[in-house]
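Enquirer: In order, the protein sequences belong to chains A and B. 1 is the number of the first residue of the first sequence in the numbering used here; add one for each residue after it. 1001 is the number of the first residue of the second sequence in the numbering used here; add one for each residue after it.
It is worth saying that the hints were derived from the structure and are not from the lab. In this text, all values refer to a predicted model and were calculated from it rather than measured experimentally. Just so you know, even glycine gets a beta-carbon here, dropped at the ideal spot from N, CA and C. Treat each hint with caution, since some may be false.
Said to hold, decoys possible - Chain A regions said to be covered by chain B (calculated; three or more residues, Cβ under 8 Å):
1. 31-37
2. 128-135
3. 150-157
As the list claims (entries may be wrong) - Which residues of chain B face chain A? A few of them, derived with a C-beta cut under 7 Å, are:
4. 1342
5. 1365
6. 1572
Unchecked claim - What follows is a list of derived Cβ distance ranges for each label pair:
7. B:1196 <-> A:113: 47 to 55 Å
8. A:42 <-> B:1613: 54 to 62 Å
9. A:90 <-> B:1577: 41 to 49 Å
10. A:161 <-> B:1211: 41 to 49 Å
11. A:75 <-> B:1200: 43 to 51 Å
12. B:1284 <-> A:80: 30 to 38 Å
13. A:42 <-> B:1381: 21 to 29 Å
14. B:1266 <-> A:23: 33 to 41 Å
15. B:1280 <-> A:114: 44 to 52 Å
16. B:1578 <-> A:34: 43 to 51 Å
17. B:1381 <-> A:161: 19 to 27 Å
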Amino acid sequence: MTLSSESPDSRAVALGLQSYADRGVFRGFARRPALSGRHEYRFLWLTEGPTVLRFDPRSGTLTLPDLLPNVAYPSAMDRALRGFLAERSSADLPDHRRIDPKRASVRCVNRAGNVTIVLAVAKGHGAYAVTKAISLVNEIFHGFLRGPYREYMVENFNEPEE
Amino acid sequence: MSKSEKKKVPAASQPTTKASEGVSRRSFLGTSMRSGAAVAALAGAGVGVARAVAEDRTEEPIRVPEEVPASRAEAPRPAEFPMNGAEVFAKACAAEGLAALFCCPGNYAVINAIAAEGIPTYGGRTEGSMCAAADGFIRVTGEIAACSGTEGPGFTNMIMNIGAANAARTPLLVLASNMTVSGDDTERGIQRGYQQPLTTGLKKWGKRLITPNRVHEYAAYAFRQLRTGVPRPVHLDFPGEVARARFTDAEELIYYYDKSRYRTHSQPAPSPVDVAKAVEMIRKAQRPMIVASTGVFYDKAWDALRIVAERADIAVVESGPSRGHFSDSHPLSASTAPDALLSVDLVILIGQYCMPTIGEFAFDPDARCIRIDPDAADIGRNIPVDLGIVSGAGAALEALAEALPAAKRPAWRSELAAARDAFEKENEEFYRKGLQYSHDTDLVHPAVIAKGLSDVLYHGDIPKEQTTVVSGGYGIGRYTRRFLRAYRPGQIANGAYQYGAIGPDVGYTVGVGAAVQNGIGPQAPYRGAPVVAVTGDAGIAYSGMELETLAKYKIPAVIVVYNNNAWGVWQSGRRSARSQHMYLFQENLRYEKIAEALGARGEYITRAEDFVPALERSYQIAATEGVTTLLNCQAKKEFWETNNYPPGMPQKVEPGCMSYNH
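The whole structure should be built from the sequences, with the hints applied where relevant.
Expert: What follows is the structure, given as structure tokens:
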């Protein structure tokens, strides 16, 4: 399948992610077709291991599977993360930081301690959603995880102890 | 020692006389070494006469020998032909304005010649710490300083701090003697070794001087490297044939030119095309931010930086080994507004010599990037650029100040203010928790120290611009960096910057203190004011002996030691069997007594409410009597446990006041 034969949102997601790779933000960028029209993207960015992003045009979901490992459920960290994600759509945030719930809504799923971030994308807002998804990951790592999670970062993301 | 026993120790060793009147050796021995090695040593003296003499000697106070101030007060005696090679070199250093030399004995001909030229010189206890002292001096003045050590061991003692200076891009002149060329490879005598290979990767340029009549030429090489482009250490080693060579007149030297002939003041300036592109990118941006780093400081471009920021409402965040070239109190400052980093849509890196990799600076991935750097070969390394401009920081800022149209970005200013407020609220919350932990444990939590420093240095009677701070330590630094502020250039030396050396802090303090004592460069308005240093109980081990150097030169300082009985990374040891002991020290060690034994003051602080009074008292004594105090702040290692004492060891966000990696 070529980009031109894909849905507008699929194309927007692909082009949006490709632009980060073209600008050098992502390294090792790879796009793999998955089953049933879904696409999977892998790239190196904030962590030593690859970040994975999937887009399913049928359900209109952008998924970052297992973005955060070893987050117990229930736990204070899990609750804090859900609160942090809810705040991303708060009307108190300036527009450039806010995820407009009319265009994309955010939630997370914790399966066996692995947290997956899911954005439900309103039809026609693929370009918006992919940009917000990438900014959201940046906010998680530079905002949320800069909270009381130093040991978590050392143990799970090989953050230097020095 | 149990806690009840510990409380019997006075909270502070209060001076009963003026601090400067000296510390009785008997009182020191009596309180700290009563049944220990000192008594054994005295008993071991043998005959009765010797014992009587030893008893009498215990009444002698620690004092600075009269030769110290006397020799420093002597008039300079600049060399004239005939000169030896060391004198030729020293004369070149004087002509170049070498601002200070920090050394231990060794490399005698060179250090003596530099002193005779009238260049301020300081002799300390270890070459490594003197290397750090020179680095610290440079980081808060922007002027070039030198360190020196003897061949072999003295030189190798400097290695860690040469590495630290290299990572910080410090224009440090490293000097060392190195036996004789004629004896190379023989092991004749002692202390032989090839030095230059050992500084490979830790310097900008280096040379073993082997041709005596080229000594002035190589001084020119050294200063050309130190004063142009991106600075790093320059390392020269002097064999005896060069240092002791005799020259009756200038004709015997192959090159003997004035500095106006062997280097240029010309700086790389931006092309008008690049400036126009930058102006257009700034014009289109809604939330632009300048990262003002090392190059801005060394170009002394703080006025141009402020003009550019104010002209177009561009936020400024600092990074680098020194802070203060953009005041934290400026409404456009983002150094204490970490949340605002995530909003930036245009990053302008100016003089950011030590480059982070993608993701290490917290900017939004959609932000565009301009990098301004004098080294074209470095632009694009680590972080891709949308526009690269080959230019010195000062020249680029002056060009932008000319070319930028005025613009107002009120929403961006409001967001910066809100981000600063949020950060202060978070700090207040850390302090509130830290105070509670302190009361719960009867120990001093690091947030209490950090807040106390802020209250005394910036919110009390001391003008907030006055105190220059060595911001060091490991875990304690995670708190103090959040509370320390810089309101003018060179106000904070960022100790652990990039290389992460935790130990040089007291060494840095010698250099920083010397710079303030003499009012060098941006320290001029604060000449003679006390300096404050922050370090930990791991760090104090590396350079604590330099308390003696501070006392000898009456450099007024307050050294805050965060004593948690462990290396900061102690938790790593409990993840593995049989490992924890490697990370721990004896508990309740009395570092303040070491200070007293070295001619400084010491206070032991075990309660939160005692910290601020002790800091104020020590600052006052430093200001009025020139006496350094070590404040030994007793804590416990468990304060780093996030689960039991949240936030534990706080993480950092870069760039800004918390940063030390880049």
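Enquirer: State the violated hints by number, sorted upward, taking the hints as numbered earlier in the document.
Expert: As far as the earlier hints go, only 1 is violated by this structure.
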